[in-house]
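Produce the complete structure using the sequences and hints provided.
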Amino acid sequence: VSTQSTGERTPSSTVPTSAAQSANSAKFTDDWSPSQSTVVLTAAQLAEHGADREPEKVYLAILGEIFDVSAGNSYQKDGGYDFFTGIDGSAAFSTGEFKDGLDADIRSLKPSQALDVREWLEFYRNEAKYPRVGVLQGLYYDELGKRTSAWNEMIELVGKGKAEKSAEEALRQAWPGCNMRSDKEGRKFWCSTNSGGIQRSW
Numbered sequence: 017v018s019t020q021s022t023g024e025r026t027p028s029s030t031v032p033t034s035a036a037q038s039a040n041s042a043k044f045t046d047d048w049s050p051s052q053s054t055v056v057l058t059a060a061q062l063a064e065h066g067a068d069r070e071p072e073k074v075y076l077a078i079l080g081e082i083f084d085v086s087a088g089n090s091y092q093k094d095g096g097y098d099f100f101t102g103i104d105g106s107a108a109f110s111t112g113e114f115k116d117g118l119d120a121d122i123r124s125l126k127p128s129q130a131l132d133v134r135e136w137l138e139f140y141r142n143e144a145k146y147p148r149v150g151v152l153q154g155l156y157y158d159e160l161g162k163r164t165s166a167w168n169e170m171i172e173l174v175g176k177g178k179a180e181k182s183a184e185e186a187l188r189q190a191w192p193g194c195n196m197r198s199d200k201e202g203r204k205f206w207c208s209t210n211s212g213g214i215q216r217s218w
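Heads up, the sequence shown is in the working numbering, so the first residue is 17 and it goes up one at a time.
One or more hints might be untrue.
Unchecked claim - Here are the simulated EDC-like cross-link-like pairs (lysine to aspartate or glutamate), alpha carbons at most 20 Å apart as the crow flies:
1. Lys145 with Glu135
2. Lys73 with Asp98
3. Lys93 with Glu64
4. Lys126 with Glu184
5. Lys162 with Glu172
6. Lys176 with Asp132
7. Lys115 with Asp132
8. Lys181 with Asp199
9. Lys93 with Glu70
10. Lys145 with Glu72
11. Lys162 with Asp132
12. Lys145 with Asp84
13. Lys73 with Glu143
14. Lys115 with Glu143
15. Lys176 with Asp116
16. Lys200 with Glu185
17. Lys145 with Asp98
18. Lys181 with Glu138
19. Lys176 with Asp121
20. Lys162 with Asp47
21. Lys181 with Asp132
22. Lys115 with Asp98
23. Lys181 with Glu135
24. Lys93 with Asp121
25. Lys115 with Asp68
26. Lys162 with Asp46
27. Lys176 with Asp46
28. Lys126 with Glu180
29. Lys145 with Glu70
30. Lys73 with Asp46
31. Lys200 with Glu184
32. Lys126 with Glu159
33. Lys126 with Glu172
34. Lys176 with Glu135
35. Lys73 with Asp84
36. Lys126 with Glu185
37. Lys176 with Asp47
38. Lys181 with Asp46
39. Lys93 with Asp68
40. Lys126 with Glu143
Calculated directly from the structure, the hints in this document are not laboratory data. Keep in mind the model is a prediction, meaning the values are calculated, not measured.
Quick look at the structure:
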């Protein structure tokens, strides 16, 4: 016997007003920006800190921001994530293409994937054992550490991903799924005041 929540009651073509409002209001803002004292590394300099070089300090870059990940065993040579070091492989944080998809440019990804990558950036920003080193000269930052037009395009895509996520959550709140149970007698569907993890008033 298995019991699960279904989304069969959720309309696919009608978005409640609350969902549309959430999508329109979900604009992305960044709480960090480079300053005159921000260190800027070139791609060649970053490569010197790849795990394969066995350096004293191991770095990785994500969306142009560089972090010291020396404290993580998985980032050392032959570790599970050593392929992320010494480069900006942002796209692979969402696509999982660790061989051919280690690309800094995420602008061709879906908005939801761009948001995934951005959430990984927030992970590194908030993890004390992975301090920020600086920024990478290239796609997202210029030689002075200033953000480029590609950064603006990237952040716009992330904003779209956030808007989509907010709209989906609003839909789930407005039209939560019901329950389904399968047994030898067949399938049974029913709704309760807490189906789909959403508290109903009826």
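Verification of the supplied hints:
1. Lys145 with Glu135: holds, 17 Å
2. Lys73 with Asp98: holds, 13 Å
3. Lys93 with Glu64: Since the Cα atoms of Lys93 and Glu64 sit roughly 13 Å apart, the hinted pair holds (cutoff 20 Å).
4. Lys126 with Glu184: OK: Lys126 and Glu184 at ~15 Å, within 20 Å.
5. Lys162 with Glu172: With Cα atoms ~17 Å apart, Lys162 and Glu172 stay inside 20 Å; holds.
6. Lys176 with Asp132: Distance ~12 Å between Lys176 and Asp132 Cα, so the pair holds.
7. Lys115 with Asp132: The given pair, whose Cα atoms are some 19 Å apart, holds under the 20 Å limit.
8. Lys181 with Asp199: Violated: Lys181 and Asp199 sit about 34 Å apart, past 20 Å.
9. Lys93 with Glu70: holds, 7 Å
10. Lys145 with Glu72: holds, 15 Å
11. Lys162 with Asp132: violated, 24 Å
12. Lys145 with Asp84: Holds, because 8 Å separates the two Cα atoms, which is no more than 20 Å.
13. Lys73 with Glu143: holds, 17 Å
14. Lys115 with Glu143: Not satisfied, since the Cα-Cα distance of roughly 26 Å exceeds 20 Å.
15. Lys176 with Asp116: violated, 26 Å
16. Lys200 with Glu185: Given pair Lys200, Glu185 is violated - Cα atoms ~34 Å apart, limit 20 Å.
17. Lys145 with Asp98: Roughly 17 Å separates the two Cα atoms, so the pair holds.
18. Lys181 with Glu138: holds, 17 Å
19. Lys176 with Asp121: With Cα atoms ~17 Å apart, Lys176 and Asp121 stay inside 20 Å; holds.
20. Lys162 with Asp47: holds, 15 Å
21. Lys181 with Asp132: holds, 11 Å
22. Lys115 with Asp98: Within the cut-off at roughly 12 Å; holds.
23. Lys181 with Glu135: holds, 13 Å
24. Lys93 with Asp121: Status violated; Cα separation ~25 Å.
25. Lys115 with Asp68: Given that 20 Å is the threshold and the Cα spacing comes to 15 Å, the pair holds.
26. Lys162 with Asp46: The given pair, whose Cα atoms are some 14 Å apart, holds under the 20 Å limit.
27. Lys176 with Asp46: OK: Lys176 and Asp46 at ~14 Å, within 20 Å.
28. Lys126 with Glu180: The given pair, whose Cα atoms are some 11 Å apart, holds under the 20 Å limit.
29. Lys145 with Glu70: Satisfied, since the Cα-Cα distance of roughly 19 Å is no more than 20 Å.
30. Lys73 with Asp46: Roughly 27 Å between the alpha carbons, so the hint for Lys73 and Asp46 is violated.
31. Lys200 with Glu184: The given pair, whose Cα atoms are some 34 Å apart, is violated under the 20 Å limit.
32. Lys126 with Glu159: violated, 29 Å
33. Lys126 with Glu172: holds, 12 Å
34. Lys176 with Glu135: holds, 14 Å
35. Lys73 with Asp84: Measuring from Cα to Cα gives roughly 7 Å; hence the hint holds.
36. Lys126 with Glu185: holds, 18 Å
37. Lys176 with Asp47: holds, 18 Å
38. Lys181 with Asp46: Holds. Lys181 to Asp46 sits at ~18 Å (cutoff 20 Å).
39. Lys93 with Asp68: holds, 6 Å
40. Lys126 with Glu143: violated, 26 Å
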